[in-house]
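> Each chain, written out:
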Amino acid sequence: MEALQGLLGGLSVIMTPANLYYCFIGSLVGTLIGVLPGIGPLAALSLLMPVTFTLSPVASIAMLAAMFYGAMYGGSTTSILVNIPGEAASVVTCLDGHQMARRGRAGAALGMAAIGSFIAGTLSLVALTFFSPLLAGVALRFGPPEYCALMLLGLVCTVLMIEGSAIKGVMMIALGFVFASIGLDSVNGTERLTFGSTDLAGGIELVAVVIGLFGVSEVLINIEQLARNEIVATRIRNILPTVEDWRMSWKPILRGSGLGFLLGVVPGGGPVTASFMSYALERRLASDPGRFGHGAIEGVAGPESANNSAVASGMIPLLTLGLPGNAVTALLMGALVIQGVQPGPSMMTEHADVFWGVIASMYVGNVMLLVLNLPLVGLWVQLLRVPYAILFPVILLLAVVGTYSTNKNFFDLWVMLAFGVVGYVLRKFRYEMSPLVLALVLAPLLEQSLRQSLVMSPDGFGIFVDRPLTVGLLALSALLVGAVAIGRLTRRQRPAPLAHPQLKET
Amino acid sequence: MTAEASRATAAATRAPFAPAPSPASRPDAPLPPARSGAIRIASLEPVLDVVWIVVGVALCVQAWRLGAWSANGPDSGFVPLVAGALIAACAGLLVVRRAMAPARRASNDPDTADAEPFWAERGAWARVCALVAGLVALVLLVRFAGFITASALMMPVLTRLIEKRSWWFAIGIGLAATAAVHVVFTRLLGMSMPRGPWGF
Amino acid sequence: MNSSLPSRRTVVAAGMAAVLTLGGWPSAEAQSPDAKARIARLKPKDYPSEPIEVNVVYPAGGGMDINARLAARYFEKYTGAQAIVNNRTGGGGLVGHTWLANQAAADGYTVAVIANLIFADSMLRAQGRWSHEKLEPIAFLNSEGISLVVSADGPHKDRSFKDLVELAKAKPGTIRVSILPGTIFEYLVEQVEQVSGAKFLKVPFQGGAPSMTALLGNNVDIALGFYGEIRSFLDSRKLVPVAVSSQERSPFLAQAPTLNESLGRSDVVWMATRWVAVPRGVPADRKAYLTAGFTAAAQDPELQEEFRKLGTVGNTALDTPEKLTRQLGELVRLERDFYTRTGRLK
Numbered sequence: 001m002e003a004l005q006g007l008l009g010g011l012s013v014i015m016t017p018a019n020l021y022y023c024f025i026g027s028l029v030g031t032l033i034g035v036l037p038g039i040g041p042l043a044a045l046s047l048l049m050p051v052t053f054t055l056s057p058v059a060s061i062a063m064l065a066a067m068f069y070g071a072m073y074g075g076s077t078t079s080i081l082v083n084i085p086g087e088a089a090s091v092v093t094c095l096d097g098h099q100m101a102r103r104g105r106a107g108a109a110l111g112m113a114a115i116g117s118f119i120a121g122t123l124s125l126v127a128l129t130f131f132s133p134l135l136a137g138v139a140l141r142f143g144p145p146e147y148c149a150l151m152l153l154g155l156v157c158t159v160l161m162i163e164g165s166a167i168k169g170v171m172m173i174a175l176g177f178v179f180a181s182i183g184l185d186s187v188n189g190t191e192r193l194t195f196g197s198t199d200l201a202g203g204i205e206l207v208a209v210v211i212g213l214f215g216v217s218e219v220l221i222n223i224e225q226l227a228r229n230e231i232v233a234t235r236i237r238n239i240l241p242t243v244e245d246w247r248m249s250w251k252p253i254l255r256g257s258g259l260g261f262l263l264g265v266v267p268g269g270g271p272v273t274a275s276f277m278s279y280a281l282e283r284r285l286a287s288d289p290g291r292f293g294h295g296a297i298e299g300v301a302g303p304e305s306a307n308n309s310a311v312a313s314g315m316i317p318l319l320t321l322g323l324p325g326n327a328v329t330a331l332l333m334g335a336l337v338i339q340g341v342q343p344g345p346s347m348m349t350e351h352a353d354v355f356w357g358v359i360a361s362m363y364v365g366n367v368m369l370l371v372l373n374l375p376l377v378g379l380w381v382q383l384l385r386v387p388y389a390i391l392f393p394v395i396l397l398l399a400v401v402g403t404y405s406t407n408k409n410f411f412d413l414w415v416m417l418a419f420g421v422v423g424y425v426l427r428k429f430r431y432e433m434s435p436l437v438l439a440l441v442l443a444p445l446l447e448q449s450l451r452q453s454l455v456m457s458p459d460g461f462g463i464f465v466d467r468p469l470t471v472g473l474l475a476l477s478a479l480l481v482g483a484v485a486i487g488r489l490t491r492r493q494r495p496a497p498l499a500h501p502q503l504k505e506t
Numbered sequence: 001m002t003a004e005a006s007r008a009t010a011a012a013t014r015a016p017f018a019p020a021p022s023p024a025s026r027p028d029a030p031l032p033p034a035r036s037g038a039i040r041i042a043s044l045e046p047v048l049d050v051v052w053i054v055v056g057v058a059l060c061v062q063a064w065r066l067g068a069w070s071a072n073g074p075d076s077g078f079v080p081l082v083a084g085a086l087i088a089a090c091a092g093l094l095v096v097r098r099a100m101a102p103a104r105r106a107s108n109d110p111d112t113a114d115a116e117p118f119w120a121e122r123g124a125w126a127r128v129c130a131l132v133a134g135l136v137a138l139v140l141l142v143r144f145a146g147f148i149t150a151s152a153l154m155m156p157v158l159t160r161l162i163e164k165r166s167w168w169f170a171i172g173i174g175l176a177a178t179a180a181v182h183v184v185f186t187r188l189l190g191m192s193m194p195r196g197p198w199g200f
Numbered sequence: 001m002n003s004s005l006p007s008r009r010t011v012v013a014a015g016m017a018a019v020l021t022l023g024g025w026p027s028a029e030a031q032s033p034d035a036k037a038r039i040a041r042l043k044p045k046d047y048p049s050e051p052i053e054v055n056v057v058y059p060a061g062g063g064m065d066i067n068a069r070l071a072a073r074y075f076e077k078y079t080g081a082q083a084i085v086n087n088r089t090g091g092g093g094l095v096g097h098t099w100l101a102n103q104a105a106a107d108g109y110t111v112a113v114i115a116n117l118i119f120a121d122s123m124l125r126a127q128g129r130w131s132h133e134k135l136e137p138i139a140f141l142n143s144e145g146i147s148l149v150v151s152a153d154g155p156h157k158d159r160s161f162k163d164l165v166e167l168a169k170a171k172p173g174t175i176r177v178s179i180l181p182g183t184i185f186e187y188l189v190e191q192v193e194q195v196s197g198a199k200f201l202k203v204p205f206q207g208g209a210p211s212m213t214a215l216l217g218n219n220v221d222i223a224l225g226f227y228g229e230i231r232s233f234l235d236s237r238k239l240v241p242v243a244v245s246s247q248e249r250s251p252f253l254a255q256a257p258t259l260n261e262s263l264g265r266s267d268v269v270w271m272a273t274r275w276v277a278v279p280r281g282v283p284a285d286r287k288a289y290l291t292a293g294f295t296a297a298a299q300d301p302e303l304q305e306e307f308r309k310l311g312t313v314g315n316t317a318l319d320t321p322e323k324l325t326r327q328l329g330e331l332v333r334l335e336r337d338f339y340t341r342t343g344r345l346k
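Residue numbers (my numbering), protein chains in the order written: chain A, 1 to 506; chain B, 1 to 200; chain C, 1 to 346.
A portion of the hints provided could be inaccurate.
Said to hold, decoys possible - So these bits of chain B aren't anywhere near chain A, every CB distance computed over 12 Å:
1) A85
2) A99
3) P197
Stated by the list, open to error - When the alpha-carbon atoms are kept at most 20 Å apart in a straight line, the in silico SDA-like pairs for lysine to any residue are as follows:
4) C:K169 / A:L226
5) C:K199 / A:M456
6) B:K164 / A:D459
7) A:K408 / B:G199
8) C:K77 / A:F53
9) C:K199 / A:D459
10) A:K408 / B:I148
11) C:K309 / A:F53
12) C:K202 / A:G462
13) A:K408 / B:L189
14) B:K164 / A:Q225
15) C:K202 / A:D459
16) A:K408 / C:K77
17) A:K408 / C:N86
18) C:K171 / A:M456
Keep in mind the hints are simulated off the structure, nothing from the lab.
Just so you know, even glycine gets a beta-carbon here, dropped at the ideal spot from N, CA and C.
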């Protein structure tokens, strides 16, 4: 088959010592970036892009791409160990991954994250290899109405993710929308909620929000207590996942791969959305969702698979259409253009060696990352024994450096601090942070595509029912809402909980 | 295990983003004895709700000034308006819910927080405030004195704030962390960190 | 060196040809060893002692970014100093422009590669907080017009731009055009509407890439973009250019008429112009060094060839900051006129 031939050709291109070396460097640096909270793939790639000028196109992109998906491998590490996400795409891994760590199961969580990432990445690449042209066509079918419907589906998933008080969860989602609208209106360019500050006119940086809400607030919450030395006082069991873990995880991994793959192809989707939606999906499908939030391994396997899968499929619109779907692929595109390779429909014919070389490098990179990350699990687990006194100052410093490195903007540091305090206060009052973050991610595209659709539409909201893909996605949202509503109603049928015997007030 | 230590362990093991299982959700568990003088979450919540309502209304006002609807559909102010209204309305709902619940909170309602004290330990609020102040100082120093100076000065302070060990320990950790981060970010990754007026 | 580029001699020859046809005679400074020596003589003592930060207010990988990175690379070649590109993004460039105007240190370690889009920010969005005058141009890089394209599979594939304008006049609001709100893309379409009486349906997008996606998916009828963004689609015949917004026809899109030709006017010209600037107040010796370095880079035939491949046009005649400032002053005047006429500027 033609694709197979191409892939074999690509493998022959990548299997030179030089190319393999750069692929390895990329994987290594990528893992490091993922582990360090704050500094993300975008900042690191733009820093290291000049290094690639003297390299061949294949080596350059192999290295940069490896940094991208390598970061997805490493991002789960701090999420699991210290409840601080290394990336926005690893936020949901904190929910259950850290709980597993507290129960002495950090090794299983880390191992499953790495293995799930590998499986998902590889499956996604296989689909990419054989179905790129077909999927490219699908990506093109997505216009503003389809994006709007997709983001609406994401919003429904966000609502489903709310664990505790529904009212408080909805408030967090609304707050996320508010923060997302600070800055310039994407449709008409006017300043919104900026109060005359040009810093605010640039919008609120997601990295600063995530690090503040989860990182700084986590430290603040922890220092309330004097009596704690290490995160896990008990003995650490099982460095690697058990058979039982596998039994519970293999389906989430497959589902995460599929979901991530689909969300990565669509420009504007991506690893962050994929990870959140996978978490919501797994929780919905689990037979006993009460386990989620307390150390359910599916809550690690699914999202970590989804984010890696989305990275791989994100390369499809870039390589086949020349259309970057997110900031990192836009950077990769720039790197290719500087090398004299124009990504797009002609790339497969004009630069077949680069095209297939990059794809082959991703297969190789995934293997390298698995080999790199699995043994590291033992090392990371030992980090749990490091006393807070050493760990948290370092984390705070890394948070400051990482946040600053994103835009070289001091304002981001203030944002980080502000959200740290806000996150602390809200968490004390039992508000959940995840819906806020997901709303912050979804809101811009949801609002923009809604307004674009209405501008484009000759008959107002009618455009949403004229197009089959949109209708399909909207129906899916409706279905989800319906299923939840029915679930809630059937639960009401059960007898109300017994009232407490009145206890004496002490 | 003392009540305080058991509370600490319970706090340490609960899911970070889900609300704490309030004593009411474990119907048979006795309520923890109120620490004398401790502020309860339940008593502070109304303050937060008022804040929410004010924020929500302010948002609606700002949004209205931006314009909520235009010929082409929703305008700039549409999203802030809906969001602000939602926030204010939900806060109102919370207030209503709390008013309707009996004083001893017999329901499993996660909306009305529990009688747990806001700060479980003595002096917790002082530590939190101190750490926030320390972080503010760190950010200010990074901006005006450069990264290396700021980190070398503030990291020992922050370390000691996080856990009260000897000053030697704090200084050691602080300087080691500064050096390590500098090497990794500036040398390895090639990032330039802010410099102070004295060149580094 | 990159193996996919043609041999050095071919490049230099092609570059010379391009320069001669497009920009006038190459000045003596373009001769590489002479330039390096001259720059070395201009080098102030103890400077630069750290890398020079080349600021770009747009995201990495985009058109501006690529141009900036190329310029930085050739600057390094001529000066031996290190130049690192830094992306200060946000607010469609507003955040970066404000920082450059208000906060950037005039110490010779901060330069910026900016485009004429700064004028719109300065006149319309800065609201008195800063002005583009705070940045002093030192070297011209390149300029290009905006290309208007239609889908090769769409209903308009055989239409000329003139036809499309007629359609938009006959049936106002039915021809969908992609624009970037608050930028020259929007103003371009607005001016076309003004001078022709046509009415397009302007659909807002955040960048060239999303608008190309929309065009290919038949969600808009006409898309606007830079040559670099559409080249791959042109090569694979997925898009057809219908007009360009420059003064003369683009050498890369010879078959597409200019907007002036299609509309029978002489004042519908919209170009993106890029140059290197420093904050006002940089010490004279450092400024001279930076000017010499970037001018030499811009005059380099190899860089001219790279620019050519990106679809931009260099201009070796603009080889001093004075000439550049005069040229830019003219651009500012035209833009200010447009904003005043359309009521955006009081």
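> A separate judgement is required for each hint: does it hold in the structure or not?
Quick rundown of the hints versus the structure:
no., hint, in the structure
1, A85, "9 Å, violated"
2, A99, "14 Å, holds"
3, P197, "15 Å, holds"
4, C:K169 / A:L226, "75 Å, violated"
5, C:K199 / A:M456, "14 Å, holds"
6, B:K164 / A:D459, "67 Å, violated"
7, A:K408 / B:G199, "18 Å, holds"
8, C:K77 / A:F53, "13 Å, holds"
9, C:K199 / A:D459, "18 Å, holds"
10, A:K408 / B:I148, "16 Å, holds"
11, C:K309 / A:F53, "16 Å, holds"
12, C:K202 / A:G462, "19 Å, holds"
13, A:K408 / B:L189, "14 Å, holds"
14, B:K164 / A:Q225, "12 Å, holds"
15, C:K202 / A:D459, "16 Å, holds"
16, A:K408 / C:K77, "26 Å, violated"
17, A:K408 / C:N86, "8 Å, holds"
18, C:K171 / A:M456, "15 Å, holds"
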